[in-house]
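Residue numbers (the working numbering), protein chains in the order written: chain A, 1 to 219; chain B, 1001 to 1197; chain C, 2001 to 2204.
Derived by calculation from the structure, the hints in this document are not laboratory data. Be careful, since some hints might not be right.
As the list claims (entries may be wrong) - Calculated lysine-lysine pairs in the DSBU-like style (CA-CA distance at most 30 Å, straight line):
(1) B/1036 / A/201
(2) A/201 / B/1171
(3) B/1159 / A/201
(4) B/1159 / A/206
(5) A/208 / B/1039
(6) A/206 / B/1036
Said to hold, decoys possible - Simulated restraints, written as ranges between beta carbons of each label pair:
(7) B/1156 / A/99: 51 to 59 Å
(8) A/64 / B/1189: 49 to 57 Å
(9) B/1161 / A/174: 38 to 46 Å
(10) C/2037 / B/1101: 33 to 41 Å
Backbone N, C-alpha and C fix where the C-beta goes; we use that ideal spot for every residue, glycine too.
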Amino acid sequence: MSAAKKRGKGTEVLLQNLWYNNPIFIQVLGICSTLAVTNNLTNTAIMTLGVSFATAFSSLTLSGMNKLIPNKVRMIVQVLVISFYVIIIDIVLRAYLPDISRSLGPYVGLIITNCIIMGRAEGFARSNPPLLSFWDGLTSGLGYMGVLMLIAVVRELLGFGSLFGIPILTALLGDAFTPWTIMIMAPSAFFLVAMVIWASKTIQEKAKASKQAPAGGTK
Amino acid sequence: MSPAINPIILFFASIFTSNILLANFLGMCSFISISKDQKSSFGLGFAVTIVMTITMVASWVVLKLIIEPLNLDYLSFIIFIIVIAAIVQILEMVIDRVSPALYMALGIFLPLITVNCAILGAILFMQIRNYDFFQTLAFGIGSGAGWWLAIMLLASIRKRIDVAPVSAGLKGPGITIITIGFMAMAFIGFSGMLNVQ
Amino acid sequence: MKRDSMAYTVLFTFLVCVFFVFFLSLANESTKDRVASNRRLAERSAVLSAMGIPYTKDTIDTTYEKSVSTVKASTGELYRASVGGKNVYAQRFAGPGLWGTITIILAVDAPVEHLMGLQVVSHNETPGLGGRIDEPWFKTQFKDEKIGPQGIRVVQGSGKGDKDPNNSQVDAVTGASRTSQSMEALVNRGIDDFRKAKNEGVLQ
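With the sequences and hints as input, model every part of the structure.
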């Protein structure tokens, strides 16, 4: 019985984190740091993978340590655990992907303050078993990744004419392609996030409205 | 070697042309939630500026006296966070002792600031760019002031927007983020003013 | 020991810290060599590129060791290689940029009349603006560029790259005037150092 229940729970967590309760367009969390690197697909991919890794393993570790952590130092221990995994990411990047580590600069360290990781640690890992917390952390990271990769595609394609560093628009159009400089700069990231929020919220509202009209049932 | 930027110019640059929030995307979380209310925005902005300046200088000292001589570079993140947490904690106690009135106004924001990415972010920028003491001081005060300015502006704009007819999908965070985008664009216009990139 | 007692709290936090610092130090130590070799490869490939010596990702070390030697001058350590029958010299220069230090490898021919090439080793400039000094269109402007009496001028041009190697000038990065100025100062300081080395008879 517990295996089937967990599978149900697992899928529920997946759906929630990817769509219904997506960290970015529903919870509007964690847009701080990573937005800065979304003008480059490769950097965004690495950053969001890092966030997913850190969230998943932090949730796993904290959930496992639940019974041991004294209440007074709960927040500090959370921050310590999160910092631990982020530093591991930083060390791995510096050793195996030095160019990317350089272009990400201080933003890797900022994963520690990313509200999503703290949010999942506080909101889920505190009261759920380790494996499920791991899955919750991972799927939150994936929900996060999806949205940011989408934004990065638009920004890199229109701002640099390339995807993942491979010139596409510049190769196809040559000199006729004028890069949209606004896409390289900050404001575009804000506008694109707002559009994603708009689109997804509108879709979700419509789905809710049409579900309530005939059956008036639950989600 | 420190970059050749004059601390005064750096101060103005951190407020206008390289605003920690509008250009570097740091400190957004509490920014969006608190800017609903002008009074809280003023309080939070003030708190951020104070904390930013003090932690910046303290981190610079720790960097020069502990991290660099002992080659503890890879532990910088944790060390800086501990510095931030410690200073916020001490500040809370000091303010509570010295001026309960100030504590009423400011104290509730302090725990919020500990996880504000702007503080840690600015410190990491300082570390990477290798600022000297005066540049660090100017950067700290400037970044805090820039964040404060941004949240005050946003709160004022939100007063109008929150009662304006906005489509359902955009209401709340959506239109707020678009507003921030326009603010960011406006601030880019300052680039010519200072001849700083 | 009760979970919320002071003693347990202190002990627990202490153990957690010790545990983490231990593992992080382990991770740091085990990757130290790799990080150092990455740095070495980056520097060597920059020298090879600046000098115009072809190489592939796997042959950086072998090509470098085969072709490049070092000589000392009063201005610092120079790299020397023979390219197309003539001697080419390169040196690492670092200078203040807008947001941090810019480090480049600059290569010249023996009579310090032409720049052979330029590579950016590291910088902290604004991505998308000043950071564009690391893009191919900017760097290739310095290849075979004639050195004028005042050195090289970085001017506000089309922003697409100055194609004339004889005018002693290169296009700045559009919208990044401070970084471009820093580059100009840095390159010209390098040229001065090379001229000094030439007067000492180091550049043959």
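Taking the hints in turn, this is what the structure says about them:
no.	hint	verdict
1	B/1036 / A/201	holds, 20 Å
2	A/201 / B/1171	holds, 10 Å
3	B/1159 / A/201	holds, 23 Å
4	B/1159 / A/206	holds, 28 Å
5	A/208 / B/1039	violated, 36 Å
6	A/206 / B/1036	holds, 27 Å
7	B/1156 / A/99: 51 to 59 Å	violated, 43 Å
8	A/64 / B/1189: 49 to 57 Å	holds, 51 Å
9	B/1161 / A/174: 38 to 46 Å	holds, 43 Å
10	C/2037 / B/1101: 33 to 41 Å	violated, 59 Å
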